[in-house]
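Make the full structure from the sequences, and use the hints.
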Amino acid sequence: MSDILHVSTRKGLFTLARKRAGWEIDRADFLGDNVTLTLADPRDGQRYAALDHGHFGVKVHRSTAKGWEEIAVPVYPPKPEGLEENDMWGRPLNWSTARIWALAAGGRDEPGVIWCGTLPGGLFRSTDHGVSWQMVRSLWDHPKRKQWMGGGADLPGIHSICVDPRNSHHVSIAVSTGGIWFTEDAGETWSQRGEGMRAEHVPPELTHDPIAQDVHCLAQCPAAPERMWVQHHNGIFVSSDEGRNFTEITEVKPSVFGFAVVVHPRDPDTAWFVPEIKDEKRIPCEGKLVVTRTRDGGKSFEVLSKGLPQTHAYDVVYRHALAIDMTGDRLAFGSTTGGLWVSEDQGDSWACIIHTLPPVYAVRFA
Amino acid sequence: MAKVFFTPSIQRHVACPEAEAPGRTVREVLEGVFAGNPQARAYVLDDQAALRRHMTIFVDGHTIRDRATLSDAVSEASRIYVFQALSGG
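Residue numbers (numbering that gives the first Met the number 0), protein chains in the order written: chain B, 0 to 365; chain X, 0 to 88.
Hints in this document: simulated from the structure, not taken from any laboratory.
There may be inaccurate statements among the hints.
[What the hints assert, rightly or not] The calculated SDA-like cross-link candidates involving lysine to any residue, where the alpha carbons are at most 25 Å apart (straight line), are:
{"#": "1", "chain 1": "B", "residue 1": "LYS10", "chain 2": "X", "residue 2": "HIS53"}
{"#": "2", "chain 1": "B", "residue 1": "LYS78", "chain 2": "X", "residue 2": "ALA67"}
{"#": "3", "chain 1": "B", "residue 1": "LYS277", "chain 2": "X", "residue 2": "HIS53"}
{"#": "4", "chain 1": "B", "residue 1": "LYS78", "chain 2": "X", "residue 2": "LYS2"}
{"#": "5", "chain 1": "B", "residue 1": "LYS252", "chain 2": "X", "residue 2": "VAL13"}
{"#": "6", "chain 1": "X", "residue 1": "LYS2", "chain 2": "X", "residue 2": "PRO37"}
{"#": "7", "chain 1": "B", "residue 1": "LYS10", "chain 2": "X", "residue 2": "HIS12"}
{"#": "8", "chain 1": "B", "residue 1": "LYS10", "chain 2": "X", "residue 2": "GLN83"}
{"#": "9", "chain 1": "B", "residue 1": "LYS298", "chain 2": "X", "residue 2": "ARG26"}
{"#": "10", "chain 1": "B", "residue 1": "LYS143", "chain 2": "B", "residue 2": "GLY111"}
{"#": "11", "chain 1": "B", "residue 1": "LYS252", "chain 2": "B", "residue 2": "GLU183"}
{"#": "12", "chain 1": "B", "residue 1": "LYS277", "chain 2": "B", "residue 2": "GLU183"}
{"#": "13", "chain 1": "B", "residue 1": "LYS145", "chain 2": "X", "residue 2": "ARG26"}
{"#": "14", "chain 1": "B", "residue 1": "LYS65", "chain 2": "X", "residue 2": "GLU30"}
{"#": "15", "chain 1": "B", "residue 1": "LYS10", "chain 2": "X", "residue 2": "VAL13"}
{"#": "16", "chain 1": "B", "residue 1": "LYS10", "chain 2": "X", "residue 2": "ARG26"}
{"#": "17", "chain 1": "B", "residue 1": "LYS10", "chain 2": "X", "residue 2": "PHE82"}
[Claimed, not checked] Calculated from the model, a selection of chain X residues having no Cβ within reach of chain B, i.e. all distances over 10 Å:
{"#": "18", "residue": "HIS12"}
{"#": "19", "residue": "GLY22"}
{"#": "20", "residue": "TYR42"}
Small disclaimer: the values here were computed from a predicted structure and weren't measured.
Backbone N, C-alpha and C fix where the C-beta goes; we use that ideal spot for every residue, glycine too.
Encoded structure:
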């Protein structure tokens with residue numbers, strides 16, 4: 000089991016450790032700074048932290064024996080002179096990293112490879128532990144990329160990156176909004192996936208267009224990578240063929256809306272979600288913070304509430320703020336109102352570790 | 000040579016001491032300064048080398064006009080202040 004949790008917040012990175020008396024904050028880094036995401040590389044233990052300094056831009060730091068060091072940040076190539084490309088608001092699209100929204104380790108057979116998804120839609124790959132980054136031009140230059148739109152943010156962004164454990168060249172990414180994209184050659188070529196998903200927020204002729212889908216989070220089962228789960232703007236979808244086709248799951252109480260999903264590392268039929276009122280309100284239903292869990296591939300769901308606040312809870316759990324460890328027994332999530340809960344029994348019960356953190360953006364087990 | 004001063008708030012992230020560099024435009028002077036302090040460049044300029052959205056630059060008391068290419072003229076005696084814009088909150 001993992002005894003370390005990295006919690007990225009609006010005002011710093013908090014590392015929690017499970018000690019004899021339970022989970023406690025072991026250290027705080029970057030206090031006062033906006034830490035949007037971390038990656039603890041399971042291959043070598045190295046940690047990466049994405050920071051957004053606002054005025055001063057997005058930065059990446061990497062852990063060393065002596066502490067954190069600032070390393071290279073993904074940089075967009077020069078925008079060709081005369082190229083007119085506007086965002087969905089009609090404003091010129093700035094080719095510049097506006098946010099790091101996904102960090103993923105490459106496969107076991109490619110040490111040092113890190114994938115990075117950004118706003119406004121650029122995917123980057125490093126082969127040297129983040130010392131340098133190369134934009135994946137095949138995706139950025141794909142003509143359909145310009146159909147991506149803002150969803151969770153003003154600009155389109157890549158928030159999920161799933162590297163197939165069977166083949167490191169097989170990578171699936173998800174875009175808000177732009178659906179799911181797949182490469183079978185480590186990023187040389189890309190194809191759209193995600194048939195079967197449904198978007199309510201677009202005209203009828205686009206409802207089932209895979210590129211119109213606002214995927215909030217994409218999760219791939221490590222032991223059975225053909226199984227993928229999607230928390231979508233419209234609800235929950237499941238695929239049994241590596242994301243080619245999805246089936247919508249509608250009967251989920253109290254809501255099918257949410258941002259996050261995790262799947263059990265060995266059991267593809269078991270997945271967890273954090274539901275909210277869809278979608279103009281985005282708060283827990285009836286002020287009750289709950290987690291939903293399926294153990295049968297989506298045929299049925301349990302509502303898990305033991306240890307979670309059941310009155311006047313207005314916690315929102317963002318797409319990167321729900322985590323599962325490698326055993327599948329421990330889960331953790333953090334909320335926009337600074338709560339952090341951990342379960343050691345697959346979600347049957349939860350313990351509030353702290354409820355006074357800054358707004359939580361991401362939770363990851365080391 | 001024009002003198003360049005950086006906002007105190009940037010110093011927490013990257014040391015940006017007062018500096019000077021030759022040049023006839025803001026671009027030329029700043030690139031001269033960043034040549035000796037490359038880490039600072041990305042704190043002030045974005046990926047397209049334009050001034051970051053919530054940064055501002057004053058030359059002799061006036062905010063620059065050209066935030067994209069930094070073509071505003073400077074003189075040998077100019078004082079250039081690289082500051083945060085309050086728009087960033």
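In rising order, the numbers of the hints this structure does not comply with:
3, 4, 5, 9, 10, 11, 12, 13, 14, 16, 18 and 20
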